[in-house]
Amino acid sequence: MRSSSLILNTAALAIVPLQLMFSVFLLLRGHDEPGGGFIGGLVAASAFVLYAFSFGARSTLRLLRVSPRDILAAGLLFALASTIPALLSGQPLLTAHWWQFPLPGESYLKLSTVLIFDIGVYLTVLGTLMTFVISLMEARE
Amino acid sequence: MMLLAVLSGFLLAFAVPALRRLAGQRIGWLLALLPASLTVYFASLIPSISDGQTLLLKNQWMPGLGISLDFMVDGLSLVFALLISGIGTFILIYAGSYLKGHRDLGRFYVIMLSFMASMLGLVLSDNLIAFFVFWELTSITSYMLIGFNHEDEEARRCALQGLFITAGGGLVLMAGLILLGFITGSYSFTEILASDLQIHEHGFYTAATVCILIGAFTKSAQVPFHFWLPNAMAAPTPVSAYLHSATMVKAGIYLLARLNPSMSGDALWSGSLMLFGAATMLTGAYLAFSSTGIKKVLAYSTVMALGTLTMLIGVGTELALTAFICFLLAHSLYKGSLFMLAGALDHETGTKDITKMGGLRKSMPLTAAITCLAALSLAGLPPLFGFVAKELMLESLLKAPLWSTGLLVMAVASAILVVAVAGLVAIKPFFGEVRRTPKQPHEAPFAMLVGPAVLSLLALIFGVVPFVPASVVLDAAVSSVYGSSVQTALALWHGVNVPLMLSGASLLIGSLLFYKWGRLQPNLYAINTAGSRVGPEAGYFRFMLGITQVADWQTRLLQNGVLGIYLLILVLVTFGLTGYTLLTRHGFELDFDFSDGYFYEFGIALLLVASTLFACATKSRLGSVASVGVTGFGVALTFIHFSAPDLGITQLLVETLTVILLVLVLFKLPSFVNLSSPWERYRDLAVAVFAGIVMTLLILAAMDIRYFDSISSYYIENSSELAYGKNIVNVILVDFRQLDTLGEIFVLGLAAIGVYSMIKLRAEDQKRP
Chain A
1103 MRSSSLILNT AALAIVPLQL MFSVFLLLRG HDEPGGGFIG GLVAASAFVL
1153 YAFSFGARST LRLLRVSPRD ILAAGLLFAL ASTIPALLSG QPLLTAHWWQ
1203 FPLPGESYLK LSTVLIFDIG VYLTVLGTLM TFVISLMEAR E
Chain B
10 MMLLAVLSGF LLAFAVPALR RLAGQRIGWL LALLPASLTV YFASLIPSIS
60 DGQTLLLKNQ WMPGLGISLD FMVDGLSLVF ALLISGIGTF ILIYAGSYLK
110 GHRDLGRFYV IMLSFMASML GLVLSDNLIA FFVFWELTSI TSYMLIGFNH
160 EDEEARRCAL QGLFITAGGG LVLMAGLILL GFITGSYSFT EILASDLQIH
210 EHGFYTAATV CILIGAFTKS AQVPFHFWLP NAMAAPTPVS AYLHSATMVK
260 AGIYLLARLN PSMSGDALWS GSLMLFGAAT MLTGAYLAFS STGIKKVLAY
310 STVMALGTLT MLIGVGTELA LTAFICFLLA HSLYKGSLFM LAGALDHETG
360 TKDITKMGGL RKSMPLTAAI TCLAALSLAG LPPLFGFVAK ELMLESLLKA
410 PLWSTGLLVM AVASAILVVA VAGLVAIKPF FGEVRRTPKQ PHEAPFAMLV
460 GPAVLSLLAL IFGVVPFVPA SVVLDAAVSS VYGSSVQTAL ALWHGVNVPL
510 MLSGASLLIG SLLFYKWGRL QPNLYAINTA GSRVGPEAGY FRFMLGITQV
560 ADWQTRLLQN GVLGIYLLIL VLVTFGLTGY TLLTRHGFEL DFDFSDGYFY
610 EFGIALLLVA STLFACATKS RLGSVASVGV TGFGVALTFI HFSAPDLGIT
660 QLLVETLTVI LLVLVLFKLP SFVNLSSPWE RYRDLAVAVF AGIVMTLLIL
710 AAMDIRYFDS ISSYYIENSS ELAYGKNIVN VILVDFRQLD TLGEIFVLGL
760 AAIGVYSMIK LRAEDQKRP
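Going down the list, the sequences are from chains A and B. Start counting the first sequence at 1103; every next residue gets the next number (the numbering used here). Start counting the second sequence at 10; every next residue gets the next number (the numbering used here).
The shape of chain A in the complex, shown without the other chains (with noise of 0.2 Å):
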């Protein structure tokens, strides 16, 4: 399925990597402001449907190279990862661990594992959609 409208297929092209991005930035941002994991995720997914409603399954695979159930699986495993520290340092298993860095200019670079654990939230969600909607959209063609 693929759609003829001009106007969808030229403001897809242009919004596409504008909600990709948005979708980044929220995941960054969610822990201090609104956003976070999930709604990246649920951000970048509908970016990926609103392409593939215009260019078809075919060339979203092609978009995301890696079939959707991969990207579950890399979230799980990033999710998965962040509990990584807390055991190597002994403590209960899903402790935090944070670490700072100074940027220039009174800014810090806060770094956790609460952030690898919600990149893994954004790819799961973001493959979980993109399995449920490429499949669907094979299914009809």
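Warning: the hint list may mix true and false statements.
[Said to hold, decoys possible] A partial selection of chain B residues facing chain A, derived with a Cβ cut-off under 10 Å:
(1) K109
(2) G657
(3) S729
(4) E730
(5) N739
(6) E753
(7) F755
Honestly, the hints are just simulated from the structure, not real lab data. Think of the CB as a built atom: it goes at the ideal place given N, C-alpha and C, for glycine as much as any other residue.
Following the hints, put chain B in place on chain A, whose structure we already have.
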């Protein structure tokens, strides 16, 4: 060290595939090094055990649950450990030859080694729960071994039967063990045995005893569960020799003996042990006598022996328990040996039917000699150890405090039958006229004879000098079953006394029966066939059929595939229960105050109501999906209005994607048809309205009921301090309640796989013509 000894079987099992490539056909000899060295290790513990010590080796496992891998070595467990590792050594050698060239030999050894490790864990565990885990492991490995020839439907059926009976009994046993732990306040055998608590007087005593007895009886094939054991003969012979004669089936006996010091002295315990034991003994002996397959004959005589052992524990005197330990040892020696010889016969002649064998002593002289030696022990003739054990048993029954005459009559009757059975096993195939067998018989290879030879010679040596094994380990074993120190006085010759005369009489009548066997057997076979229609096995089949029928009925009732019915039941149950609780705890309270509402709040509410109504009323599927979407957006607006931006955004995105997904699915559906009758629609309407009302009341009630302080204040205060984040929703998701989120994303993943496979499978189905 002990932990390693028990678990080494599991570890070696992992290495089997690699070793098989390395050692090729000689893998049996290589693997047998492990049980051989285990035997040496356990033998090195003998000195301290025969001094009357009990070794306790503690290992943590799950300390939070009070489950440990503590191992306890006393006389009883040491005897079992020595039997398991000692016989195991010969079995592994034997199997390498018996299954030579079998393509699944590697798999066989993996399961066999795992079984050996589980069995060792079972007899050495001090913790009730660890004991139970090993118990179930033996059931599972036994299942895989019975069904080893899994391409044979009969083998699969028998394996499943064995699993259902032993694992079903295992479940009951678990209840019994937990009750026992509850009564005594401890999950350690040593502590339970050491405490002078009056277990009999506790309210749960009867329940615990019955559960433990059922567990032990199923495992050890007591009447009425005895039928799974002969069926387990579908397994390759090394398995029958090891699991179903010498070790696994004795696990139930082990449990009974282990708990005997705490439980004995009670009518329920000893009464049921004597009753079921004696019944099993006689049934087993009779069925052994009336069978023709050599493995079936041996299997039923194992049932007989297991019954005898149970009965002896039930009698419970010092003498009876001495007889118990001697009989246990004697039986393991001669039965392990006879099974291996039966396998050799089967392997060399190509048949299991003893009526088709005869005169084999010329072609298989060694096999014949060893079989005769082992069969002498089975029949209980001097100078074999079986004789010592049988004399002790008869003597202890003579002096039994309860039901002495009855038990003695049954024991003598089964002794008569066993003499005939020994003849069937040793004389029938090897003497008399030569018969043609499917294969030209040859002497069995060395690897298949070394085990039986060693075991039978041991039975001979122990018979001549019975005080040697007694002083080494048997005394300690009897003491641990009896509960206090016992000095046995074993001797081959007791002088001319009542047991000896009974033995002599049973030998005479037994020989007579053996000579009449050819004429008796067909008649007995006819009787057994008629009897099996009402026997316990028929009950088992009826029970299994009943289960499938109930499953069938409830599937048609509850899982009928009509989505509307599922939904109806779910909604009715959920809201029925919630409504009932709400009504009884809280009651109705309806007071609305709209005075501080803004006009746009009313606007949103109006939008919600209107779109819902439209979704219900519309005839167009697309229209109803769209209007449900509008409802969702209305809810999102509400979230945003009450300053919950995260929820709002999520709701918005989820609604959008849901509508898209629904639209994608809708194209696959047939056009909108009304399938339900008006009555069904009114019923659905009523249920929906009911659910709506309950939900509304619940939310209203939730506003003004506070059973405990809300947890949100904790999150608000600690979010930035503990979790370095200002967005509380996200901090809850990825930090405070991270485990929940982890579970949820895994559910998401599973849902995706489910949807994917459903769509793909359907697509493939349609492709097929």
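Hint check results:
no.: 1; hint: K109; verdict: violated, 44 Å
no.: 2; hint: G657; verdict: holds, 9 Å
no.: 3; hint: S729; verdict: holds, 9 Å
no.: 4; hint: E730; verdict: violated, 12 Å
no.: 5; hint: N739; verdict: holds, 4 Å
no.: 6; hint: E753; verdict: holds, 9 Å
no.: 7; hint: F755; verdict: holds, 6 Å
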